[in-house]
Amino acid sequence: MNFITKTILLVMTVSVFLALFQLLLKSENLKSSSFSKTSQPKQVSFQAIFRDPKETIPNFVTRFKIKSFALWENADQLKMELKIEK
Numbered sequence: 100m101n102f103i104t105k106t107i108l109l110v111m112t113v114s115v116f117l118a119l120f121q122l123l124l125k126s127e128n129l130k131s132s133s134f135s136k137t138s139q140p141k142q143v144s145f146q147a148i149f150r151d152p153k154e155t156i157p158n159f160v161t162r163f164k165i166k167s168f169a170l171w172e173n174a175d176q177l178k179m180e181l182k183i184e185k
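Be aware that the sequence shown starts at 100, since it is given in the numbering used here, and climbs by one per residue.
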């Protein structure tokens, strides 16, 4: 194949790749907008974690770690709920 044919094939391949990439980006936008319409915001109230005077410190630390980890796991969902509410 000569130089012109290779160049045309390269340009066509790149243009098809860019078109598919644009479709992928549009589908991601549609997916996120359709998700926000169907989801219902949850009413989550966060309370401060206090240690009872009778509770030992190791038990309090364990309970605090569990609650902190649960909050960390749900951080992405909470961000989406905040975006929906605004």
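In short, the hints are calculated from the structure, not lab data.
Remember, predicted model here, so these are calculated numbers, not experimental data.
The beta carbon of each residue, even a glycine, is placed where N, CA and C say it ideally should be.
Do not take every clue at face value.
Distance ranges between label pairs, derived from CB positions [unchecked claim]: (1) Ser126 to Asp175: 52 to 62 Å; (2) Thr155 to Leu129: 32 to 42 Å; (3) Ser114 to Asn173: 37 to 47 Å; (4) Phe163 to Gln121: 39 to 49 Å; (5) Ala169 to Val110: 31 to 41 Å; (6) Val110 to Lys166: 52 to 62 Å; (7) Phe102 to Ala174: 52 to 62 Å; (8) Thr161 to Ser126: 16 to 26 Å; (9) Gln176 to Gln121: 51 to 61 Å; (10) Ile156 to Phe120: 51 to 61 Å; (11) Asn173 to Val115: 50 to 60 Å.
Right, here's what the structure says about each hint:
no.	hint	in the structure
1	Ser126 to Asp175: 52 to 62 Å	violated (20 Å)
2	Thr155 to Leu129: 32 to 42 Å	violated (52 Å)
3	Ser114 to Asn173: 37 to 47 Å	holds (42 Å)
4	Phe163 to Gln121: 39 to 49 Å	holds (47 Å)
5	Ala169 to Val110: 31 to 41 Å	violated (52 Å)
6	Val110 to Lys166: 52 to 62 Å	holds (57 Å)
7	Phe102 to Ala174: 52 to 62 Å	holds (54 Å)
8	Thr161 to Ser126: 16 to 26 Å	violated (44 Å)
9	Gln176 to Gln121: 51 to 61 Å	violated (29 Å)
10	Ile156 to Phe120: 51 to 61 Å	holds (54 Å)
11	Asn173 to Val115: 50 to 60 Å	violated (40 Å)
This entry does not satisfy hints 1, 2, 5, 8, 9, 11, going by the numbered hints stated previously.
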